[in-house]
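Listed below are the residues making up each chain.
Number of protein chains: 2
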Amino acid sequence: MNETLNRAAASAVADAVADVATDADAVANVADLNPQQHVKALGERARTASQVLAVASTRDKNAALVAIADCLDKRVDEILSANAQDMASARERDLDAPLLDRLELTPARLQSMSTGIRNVAAQSDPVGAMSGGDRQPSGLVIAKMRVPLGVIGVIYESRPNVTADAAAICLKSGNAVILRGGSESILSNRVIADCIRQGLESSAIPTDAVQLINTTNRDAVGALLRMEDYVDVIIPRGGKGLVTRISEDARVPVIKHLDGICHVYVDEGCDLDMALSVSVNAKTYRYGICGSMETLLVSQKVAEAFLPMVNDAMAPHEVELRGCEQCLTLQPHWTAAMDEDWSTEYLGPVLSVKVVADVNEAIAHINHFGSGHTDAIITADIQRSEAFVRQVDSSSVLVNAATCFADGAEYGLGAEIGISTNRMHVRGPVGVLGLTTEKYVVTGNGTIRS
Amino acid sequence: MNETLNRAAASAVADAVADVATDADAVANVADLNPQQHVKALGERARTASQVLAVASTRDKNAALVAIADCLDKRVDEILSANAQDMASARERDLDAPLLDRLELTPARLQSMSTGIRNVAAQSDPVGAMSGGDRQPSGLVIAKMRVPLGVIGVIYESRPNVTADAAAICLKSGNAVILRGGSESILSNRVIADCIRQGLESSAIPTDAVQLINTTNRDAVGALLRMEDYVDVIIPRGGKGLVTRISEDARVPVIKHLDGICHVYVDEGCDLDMALSVSVNAKTYRYGICGSMETLLVSQKVAEAFLPMVNDAMAPHEVELRGCEQCLTLQPHWTAAMDEDWSTEYLGPVLSVKVVADVNEAIAHINHFGSGHTDAIITADIQRSEAFVRQVDSSSVLVNAATCFADGAEYGLGAEIGISTNRMHVRGPVGVLGLTTEKYVVTGNGTIRS
Numbered sequence: 235m236n237e238t239l240n241r242a243a244a245s246a247v248a249d250a251v252a253d254v255a256t257d258a259d260a261v262a263n264v265a266d267l268n269p270q271q272h273v274k275a276l277g278e279r280a281r282t283a284s285q286v287l288a289v290a291s292t293r294d295k296n297a298a299l300v301a302i303a304d305c306l307d308k309r310v311d312e313i314l315s316a317n318a319q320d321m322a323s324a325r326e327r328d329l330d331a332p333l334l335d336r337l338e339l340t341p342a343r344l345q346s347m348s349t350g351i352r353n354v355a356a357q358s359d360p361v362g363a364m365s366g367g368d369r370q371p372s373g374l375v376i377a378k379m380r381v382p383l384g385v386i387g388v389i390y391e392s393r394p395n396v397t398a399d400a401a402a403i404c405l406k407s408g409n410a411v412i413l414r415g416g417s418e419s420i421l422s423n424r425v426i427a428d429c430i431r432q433g434l435e436s437s438a439i440p441t442d443a444v445q446l447i448n449t450t451n452r453d454a455v456g457a458l459l460r461m462e463d464y465v466d467v468i469i470p471r472g473g474k475g476l477v478t479r480i481s482e483d484a485r486v487p488v489i490k491h492l493d494g495i496c497h498v499y500v501d502e503g504c505d506l507d508m509a510l511s512v513s514v515n516a517k518t519y520r521y522g523i524c525g526s527m528e529t530l531l532v533s534q535k536v537a538e539a540f541l542p543m544v545n546d547a548m549a550p551h552e553v554e555l556r557g558c559e560q561c562l563t564l565q566p567h568w569t570a571a572m573d574e575d576w577s578t579e580y581l582g583p584v585l586s587v588k589v590v591a592d593v594n595e596a597i598a599h600i601n602h603f604g605s606g607h608t609d610a611i612i613t614a615d616i617q618r619s620e621a622f623v624r625q626v627d628s629s630s631v632l633v634n635a636a637t638c639f640a641d642g643a644e645y646g647l648g649a650e651i652g653i654s655t656n657r658m659h660v661r662g663p664v665g666v667l668g669l670t671t672e673k674y675v676v677t678g679n680g681t682i683r684s
Numbered sequence: 235m236n237e238t239l240n241r242a243a244a245s246a247v248a249d250a251v252a253d254v255a256t257d258a259d260a261v262a263n264v265a266d267l268n269p270q271q272h273v274k275a276l277g278e279r280a281r282t283a284s285q286v287l288a289v290a291s292t293r294d295k296n297a298a299l300v301a302i303a304d305c306l307d308k309r310v311d312e313i314l315s316a317n318a319q320d321m322a323s324a325r326e327r328d329l330d331a332p333l334l335d336r337l338e339l340t341p342a343r344l345q346s347m348s349t350g351i352r353n354v355a356a357q358s359d360p361v362g363a364m365s366g367g368d369r370q371p372s373g374l375v376i377a378k379m380r381v382p383l384g385v386i387g388v389i390y391e392s393r394p395n396v397t398a399d400a401a402a403i404c405l406k407s408g409n410a411v412i413l414r415g416g417s418e419s420i421l422s423n424r425v426i427a428d429c430i431r432q433g434l435e436s437s438a439i440p441t442d443a444v445q446l447i448n449t450t451n452r453d454a455v456g457a458l459l460r461m462e463d464y465v466d467v468i469i470p471r472g473g474k475g476l477v478t479r480i481s482e483d484a485r486v487p488v489i490k491h492l493d494g495i496c497h498v499y500v501d502e503g504c505d506l507d508m509a510l511s512v513s514v515n516a517k518t519y520r521y522g523i524c525g526s527m528e529t530l531l532v533s534q535k536v537a538e539a540f541l542p543m544v545n546d547a548m549a550p551h552e553v554e555l556r557g558c559e560q561c562l563t564l565q566p567h568w569t570a571a572m573d574e575d576w577s578t579e580y581l582g583p584v585l586s587v588k589v590v591a592d593v594n595e596a597i598a599h600i601n602h603f604g605s606g607h608t609d610a611i612i613t614a615d616i617q618r619s620e621a622f623v624r625q626v627d628s629s630s631v632l633v634n635a636a637t638c639f640a641d642g643a644e645y646g647l648g649a650e651i652g653i654s655t656n657r658m659h660v661r662g663p664v665g666v667l668g669l670t671t672e673k674y675v676v677t678g679n680g681t682i683r684s
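If you're matching them up, the sequences are chains A and B in order. Counting in my numbering, the first sequence runs from 235 upward without gaps. Counting in my numbering, the second sequence runs from 235 upward without gaps.
The following block holds chain A by itself, in its conformation from the complex:
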């Protein structure tokens, strides 16, 4: 199998002039399968592998992860060469600069990919952990055991590093995974997936624990989304368009990440220097991340003092400031915010600013216009902090900290497979723990129900 895949990858690399986005037949070993059959076969193998993986020891899982990292390290040149072919095809098709940047692998990026896998190996393993254990009147002892979800389908854009990251976090959490990367990265992904397989072959973990959908035919995605018997959850990683499309088509549950319309509320009586440094960080740390602040809410009691500070601090960053009516009376040169500004995720150097009466108006604004992602209060008052934390209905509520911290590594989760804006199962950054669930373990002594 390994050899077959190697040959397929090599021949595909050589053949990169073909339009990989549509040419499903380029892959020798799936030429005789239609996309549905191919994905169903992957599903069956994944389900079987998941049963072994679910009870694999932490030691075996970690050994497999280290073996995978070693393979990636050894085959750097091969990966870079496949990636160069992907990049050449992408440039020929005039793909835009951000996509090319995400597609490109460099020795440094490969190094950080294998380091990431070693870090996942070093993380603690939640599978098998027991909790509860209360004895009931019947005599039964009721406990819970943490177990993997089963089989995870990960659908992502053309970012080949996700192939390795997603495989590692799924393996660690005891889940089999079926990966489907963007068509522009197919050659890179095939070599990376082959390294993963090679690593698994030298381990006690079944090689089918990580499988790549080996065709760029889009029908394969549709099949994956509806394969309830073989896939337990779908995780889409990409822009809102991808996530929305997948959520609409999926029969399998989806861990979604939609908008990040994040707010910072600057409370009356707070330390305005702190508020300023947090606000600037929340906006300018990186404009493109989901935890970036999009709207600044300012208590009317501090607006007169604070808005000029915001104005001056954002100027060197060339952040466009769009203010509410009250803002404009204090900062007449700002742009007037339109209704849609309050529900726009700019992901760029634009900030909407609104003066609010108090913490209650701030909470109401966030619950109405926000996306339930990450919102912060800057305050010195314990009661208003408590009200904000309790009442803001977001996956992360921060006190005196910048919204751009919304990230699995910063939360101590280790590797992150995404951020969930779902309410059920897992909210916020999703790490290894978020890919597990619990079952009841009930112990009696010949106990019968009367």
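Incorrect hints may have been included.
One copy or two, either will do: identical chains are not told apart, so a pair holds if it fits within one copy or between any two.
As the list claims (entries may be wrong) - Below, a list of computed lysine to aspartate or glutamate pairs in the EDC-like style, where the Cα atoms sit at most 20 Å apart: (1) 535 / 592; (2) 490 / 462; (3) 378 / 672; (4) 535 / 328; (5) 274 / 453; (6) 490 / 650; (7) 535 / 338; (8) 474 / 463; (9) 378 / 620; (10) 274 / 462; (11) 474 / 615; (12) 474 / 330; (13) 474 / 462; (14) 474 / 538; (15) 378 / 650; (16) 378 / 641.
Keep in mind the hints are simulated off the structure, nothing from the lab.
For chain A, the structure is supplied; the task is to place chain B on it using the hints.
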């Protein structure tokens, strides 16, 4: 509002000769709304109420529950009279005996309904509980707070007691709820829902926290299932047909309960008297419950001794025994089990019996033919017990106890809104805790990301 509903209910009771299953216009206050508009209006009000309810104090929620129970106690005659009308219509339409039994309310059943609500009030409240709190290298303290899911839609068959049960458990967990009962129970449900509203009116909880879909038009269900903006989760309570249909149509996440194909495995070397008493209890405690044993697996090392014991013990219960080939060599008068027997939920006095080589074959059989609901091992061996518990992929795995214990009250959850065969979010019996989720609460001190 209360008065309007009262009038509507009274007029509807008087008008019970109309075919309530199709006559959406019978309800005065929804006469000018189509089902979609009616359900959307309920959704908007539920969402608003859910924001108040999510931060309501335990004291206020409990007071509301007690007030509701008091109202139900006071209006027993009115409820029984509406129920008598529902029963009369159902009999006219020749509905079958089990449905009539589920539809019927008696003074004793009403008493247990209000006692159930008082019991929910007495349970502990998980909302607001904090966990975690580790400090990260950045200085941030990362904790989680337990919060309600939001708005829950409960769709159930014509069992009016569910109206009260579901309302109580949703209220206690801080969730607003939209109830849709079977059309045969509409008059009973309207009076019960009005008691709930009356109880809420005397409390600090918004009356829109519990709403009944006030039409039997089926388009209302379709609208509820797709109302992602206003409904966070759908819980269907009923047979597999109802649950499957709802799961297929829903855009909102569904907490499903599908098959309960439950097994008991009798291990070599176990106490056969214990195995027998547990097996008989698992099969005969109540045939119709989801935790009832459908297949008995017996180690070949004890089959010769154990099968005659099973034969004799099941005889007085008139349980039909369907055996595998090996069974039939030992018990030639048993029926031969067909392939489909291994994946059939009989819900009646039938039991399939299979001799297996060892615990590994038992586990493989359960993971292949079972439904991931509740499965038990009877054993004296710690290693085989451990293997069974770890490897059987079911929401409940029992050791030396009968499968018929699969139930929220027996697990110490208090009230139960159903049993989940989902893998994500919650597995097994779902109580108040299962209707909550967690959000991150992140505390800094002006912390910024560098």
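Verification of the supplied hints:
{"no.": "1", "hint": "535 / 592", "result": "within (8 Å within a copy, 74 Å between copies)"}
{"no.": "2", "hint": "490 / 462", "result": "both (17 Å within a copy, 13 Å between copies)"}
{"no.": "3", "hint": "378 / 672", "result": "both (6 Å within a copy, 18 Å between copies)"}
{"no.": "4", "hint": "535 / 328", "result": "neither (52 Å within a copy, 70 Å between copies)"}
{"no.": "5", "hint": "274 / 453", "result": "within (12 Å within a copy, 35 Å between copies)"}
{"no.": "6", "hint": "490 / 650", "result": "within (14 Å within a copy, 28 Å between copies)"}
{"no.": "7", "hint": "535 / 338", "result": "neither (49 Å within a copy, 61 Å between copies)"}
{"no.": "8", "hint": "474 / 463", "result": "between (27 Å within a copy, 17 Å between copies)"}
{"no.": "9", "hint": "378 / 620", "result": "between (32 Å within a copy, 14 Å between copies)"}
{"no.": "10", "hint": "274 / 462", "result": "within (11 Å within a copy, 30 Å between copies)"}
{"no.": "11", "hint": "474 / 615", "result": "neither (36 Å within a copy, 52 Å between copies)"}
{"no.": "12", "hint": "474 / 330", "result": "within (18 Å within a copy, 50 Å between copies)"}
{"no.": "13", "hint": "474 / 462", "result": "between (23 Å within a copy, 16 Å between copies)"}
{"no.": "14", "hint": "474 / 538", "result": "neither (37 Å within a copy, 62 Å between copies)"}
{"no.": "15", "hint": "378 / 650", "result": "between (24 Å within a copy, 17 Å between copies)"}
{"no.": "16", "hint": "378 / 641", "result": "between (28 Å within a copy, 15 Å between copies)"}
When the structure is compared with the earlier hints, violations turn up for hints 4, 7, 11 and 14 and for no others.
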